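Asker: So you can see what is in the structure, the chains are spelled out below.
Protein chains: 2
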Amino acid sequence: MTSIRYDVLGIGNAIVDVIARTEEDFLLKQGMRKGTMALIDAARAEAIYRAMGPAIETSGGSAANTTVGIASLGARAAFIGKVKDDGLGHAFAHDIRAAGVTFATPPASAGAPTARCYVLVTPDGERTMNTYLGAAQDLHPDDIDADMIAASAVIYLEGYLWDPKNAKDAFLKAAKIAHAAGRKVALTLSDAFCVDRWRDEFLQLMRSRTVDLIFANEAELHSLYQASDFDTAVAALRADIDVAVVTRSEKGCLVVGPDSTEAVPAFPVERVVDTTGAGDLFAAGFLAGLARGADDRTCGRLGALAAAEVIQHLGARPESSLKDLARETGLAD
Amino acid sequence: MTSIRYDVLGIGNAIVDVIARTEEDFLLKQGMRKGTMALIDAARAEAIYRAMGPAIETSGGSAANTTVGIASLGARAAFIGKVKDDGLGHAFAHDIRAAGVTFATPPASAGAPTARCYVLVTPDGERTMNTYLGAAQDLHPDDIDADMIAASAVIYLEGYLWDPKNAKDAFLKAAKIAHAAGRKVALTLSDAFCVDRWRDEFLQLMRSRTVDLIFANEAELHSLYQASDFDTAVAALRADIDVAVVTRSEKGCLVVGPDSTEAVPAFPVERVVDTTGAGDLFAAGFLAGLARGADDRTCGRLGALAAAEVIQHLGARPESSLKDLARETGLAD
Numbered sequence: 001m002t003s004i005r006y007d008v009l010g011i012g013n014a015i016v017d018v019i020a021r022t023e024e025d026f027l028l029k030q031g032m033r034k035g036t037m038a039l040i041d042a043a044r045a046e047a048i049y050r051a052m053g054p055a056i057e058t059s060g061g062s063a064a065n066t067t068v069g070i071a072s073l074g075a076r077a078a079f080i081g082k083v084k085d086d087g088l089g090h091a092f093a094h095d096i097r098a099a100g101v102t103f104a105t106p107p108a109s110a111g112a113p114t115a116r117c118y119v120l121v122t123p124d125g126e127r128t129m130n131t132y133l134g135a136a137q138d139l140h141p142d143d144i145d146a147d148m149i150a151a152s153a154v155i156y157l158e159g160y161l162w163d164p165k166n167a168k169d170a171f172l173k174a175a176k177i178a179h180a181a182g183r184k185v186a187l188t189l190s191d192a193f194c195v196d197r198w199r200d201e202f203l204q205l206m207r208s209r210t211v212d213l214i215f216a217n218e219a220e221l222h223s224l225y226q227a228s229d230f231d232t233a234v235a236a237l238r239a240d241i242d243v244a245v246v247t248r249s250e251k252g253c254l255v256v257g258p259d260s261t262e263a264v265p266a267f268p269v270e271r272v273v274d275t276t277g278a279g280d281l282f283a284a285g286f287l288a289g290l291a292r293g294a295d296d297r298t299c300g301r302l303g304a305l306a307a308a309e310v311i312q313h314l315g316a317r318p319e320s321s322l323k324d325l326a327r328e329t330g331l332a333d
Numbered sequence: 001m002t003s004i005r006y007d008v009l010g011i012g013n014a015i016v017d018v019i020a021r022t023e024e025d026f027l028l029k030q031g032m033r034k035g036t037m038a039l040i041d042a043a044r045a046e047a048i049y050r051a052m053g054p055a056i057e058t059s060g061g062s063a064a065n066t067t068v069g070i071a072s073l074g075a076r077a078a079f080i081g082k083v084k085d086d087g088l089g090h091a092f093a094h095d096i097r098a099a100g101v102t103f104a105t106p107p108a109s110a111g112a113p114t115a116r117c118y119v120l121v122t123p124d125g126e127r128t129m130n131t132y133l134g135a136a137q138d139l140h141p142d143d144i145d146a147d148m149i150a151a152s153a154v155i156y157l158e159g160y161l162w163d164p165k166n167a168k169d170a171f172l173k174a175a176k177i178a179h180a181a182g183r184k185v186a187l188t189l190s191d192a193f194c195v196d197r198w199r200d201e202f203l204q205l206m207r208s209r210t211v212d213l214i215f216a217n218e219a220e221l222h223s224l225y226q227a228s229d230f231d232t233a234v235a236a237l238r239a240d241i242d243v244a245v246v247t248r249s250e251k252g253c254l255v256v257g258p259d260s261t262e263a264v265p266a267f268p269v270e271r272v273v274d275t276t277g278a279g280d281l282f283a284a285g286f287l288a289g290l291a292r293g294a295d296d297r298t299c300g301r302l303g304a305l306a307a308a309e310v311i312q313h314l315g316a317r318p319e320s321s322l323k324d325l326a327r328e329t330g331l332a333d
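Residue numbers (my numbering), protein chains in the order written: chain A, 1 to 333; chain B, 1 to 333.
It cannot be assumed that every hint is accurate.
[Said to hold, decoys possible] Here are a few chain A residues that face chain B, going by a calculated C-beta distance under 8 Å:
#, residue
1, 58
2, 295
3, 298
4, 312
[Said to hold, decoys possible] The following residues of chain B were derived to be distant from chain A, with all beta-carbon distances above 12 Å:
#, residue
5, 17
6, 57
7, 86
8, 91
9, 110
10, 181
11, 201
12, 228
13, 251
14, 259
15, 262
16, 313
17, 320
Quick caveat, the hints were computed from the structure, so don't treat them as lab data.
Since the model is a prediction, treat every value here as computed from it, not as a measurement.
Note that CB positions come from ideal geometry on N, CA and C, so glycine has one too.
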């Protein structure tokens, strides 16, 4: 049997974020839905970039951000995702490796450029995202390294993978290998509109136990069950999956098991600068807790701690050592 | 006679900054001199990037940062500098134009890639810079648009231009056109080691009145006159140039005229995050003050205000409207 080399292996769209601060009226003029992620084509990407203000570029991608957070907490992380062999692709590969995450997916040598996400941050700290998938479309089942999957205690998949055409098959291949090796499979629902695009398939993944654990925020949960009542949605969730973690921003999270519900509070934050990556880093903390066998409450608190760090600055990856922060708050030795 | 369309036109190396936080021992291991700018070749650039931590990319370049600060203060700014027609070049052009600066220098279609500067920021907020000049080497006298120069009240040149081989001639051509049109020429000495490389030529530029105004920090001033005594260096400076502005970090600045010296205090800063761009933004504030005919003290205070903004966050360009900050502090209507 393969021994475990990684606590968590993430699979997701490999994306570079292009971040600019903006006023609310820019979103209105551009017809953007605040707080959500929209998929855009190359022409729309060009038009948005031309219209937006001065930007900074920083590596992103939901599951990629999560693996970086896991490494920052001192756990062993790996990532699978597709970039092109271009400037942004080199920056993505550099940044994730420099953060201590194993990343070995070969870059595409032809085809569309590395994916980018135009992130508009309004004065309230909320982010509105526009993603041009580019080379991330080319993630293929052949990119799934069976040895790496079997050597990972948990594989973590982003719901956004349902958008690029070949990535679904890569996802299902990875889940099958993981379960055959006795590993766990986790999924984040990613975005309420992503859930709206793929509701039936996500429910099928849960009910068939293709996934063992899901992460969802309130909007995604309501979208999944098309239910306006929170308790009704949570009850439905409990029937459909072994463990679910529902994040509720400043209200903390709920860890929903077969017979239990644990409410875990958030960490207070002085000023929300940019919410990009909040969900990704919450998942990082929770999964890093799971990796060392912590209880639900500690996992939830580690998630809250990591999310609190990332929303206090621009960009979706931690700027401070999360391990040091966890020690300072008594959440790690 | 050409009418004035720009308050300030900057000419400099067009550079994208690649910024990472680092510990002191990284600088030691890499043999870097803390707080200075070193020129590096492509192989060294690759080696530094491989060794450094996760980074963010943001447009930089000394004179380019200054023009962005001038635009942020509501004055009219233009920039001349050379990028390549590549990803970083597009980002540079987007960012400076989105900041309101006129930038029309055609990008190079062949040759070295767009210049980049690897900026290492230590926990004390000090930055250590390593610049690969790339396409900036290709700035040529043909890139100097005579109409734009003649239409600019002040042209502002960075000492770093003395490093790329053709840029010197571009600099001298621009200064000649400016003076023929009755405009002023300003120079920043850029860096103490840059002064060390080009001391005699910089003194010659001053003594021949090829430049009318210089900006220097204390280290650059000491390097220029190889003098350890500050007052001796200031006295030498007074004899060599019409107006000089000497910046002294938290001690503020001295505005040195033929018969006068005005000491202007700095703005208090809560926490220094990253000193990159402090000198560039000081020059922006001072020149924006000059453009509206402010007195030395107001020019110095505007410089201090702009510098204070930029050192409180990562990156060398303002994140807030400097015009709004100037209004809040009573330095603008």
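Asker: Classify the label on residue 181 of chain B as holds or violated, using whether its beta-carbon is more than 12 Å from each beta-carbon of chain A.
Answerer: holds, 30 Å
Asker: Is the shortest C-beta separation between residue 312 of chain A and chain B less than 8 Å?
Answerer: Violated, because the Cβ-Cβ distance from residue 312 of chain A to chain B comes to roughly 12 Å (cut-off 8 Å).
Asker: Would you check whether the claim that residue 110 of chain B is not at the interface survives, using Cβ distances to chain A and the 12 Å cut-off?
Answerer: holds, 17 Å
Asker: Using Cβ atoms only, decide whether residue 295 of chain A comes closer than 8 Å to chain B, and label the hint accordingly.
Answerer: Cβ of residue 295 of chain A sits 31 Å from chain B, so the hint is violated.
Asker: Determine whether the non-interface label on residue 86 of chain B survives the test: each CB of chain A must be over 12 Å from its CB.
Answerer: Per Cβ check, residue 86 of chain B is inside 12 Å of chain A; nearest 7 Å; violated.
Asker: Grab the minimum C-beta distance from residue 298 of chain A to chain B and call the hint holds if it beats 8 Å, violated otherwise.
Answerer: Check failed: Cβ of residue 298 of chain A comes no nearer than 27 Å to chain B, outside 8 Å.
Asker: Beyond 12 Å from every Cβ of chain A: is that where the Cβ of residue 228 of chain B lies?
Answerer: It holds; residue 228 of chain B is separated from chain A by about 39 Å at its closest Cβ, greater than 12 Å.
Asker: For residue 259 of chain B, is the shortest CB-to-CB distance to chain A above 12 Å, so the non-interface label stands?
Answerer: Given a closest Cβ separation of 41 Å, the condition holds.
Asker: Beyond 12 Å from every Cβ of chain A: is that where the Cβ of residue 320 of chain B lies?
Answerer: Since the minimum Cβ distance to chain A is about 9 Å, residue 320 of chain B lies within 12 Å and the statement is violated.
Asker: Does residue 262 of chain B really sit off the interface, with its C-beta more than 12 Å from all C-beta atoms of chain A?
Answerer: Consistent with the label, residue 262 of chain B stays out of reach of chain A, its closest Cβ about 33 Å off (over 12 Å).
Asker: Can residue 58 of chain A be said to touch chain B, with a Cβ gap under 8 Å?
Answerer: The hint holds - residue 58 of chain A has a Cβ within 8 Å of chain B, the shortest such distance being about 4 Å.
Asker: Looking at residue 201 of chain B again, its CB stays over 12 Å from all of chain A?
Answerer: holds, 34 Å
When held up to the earlier numbered hints, the structure conflicts with 2, 3, 4, 5, 6, 7, 8, 16, 17 and fits the remainder.
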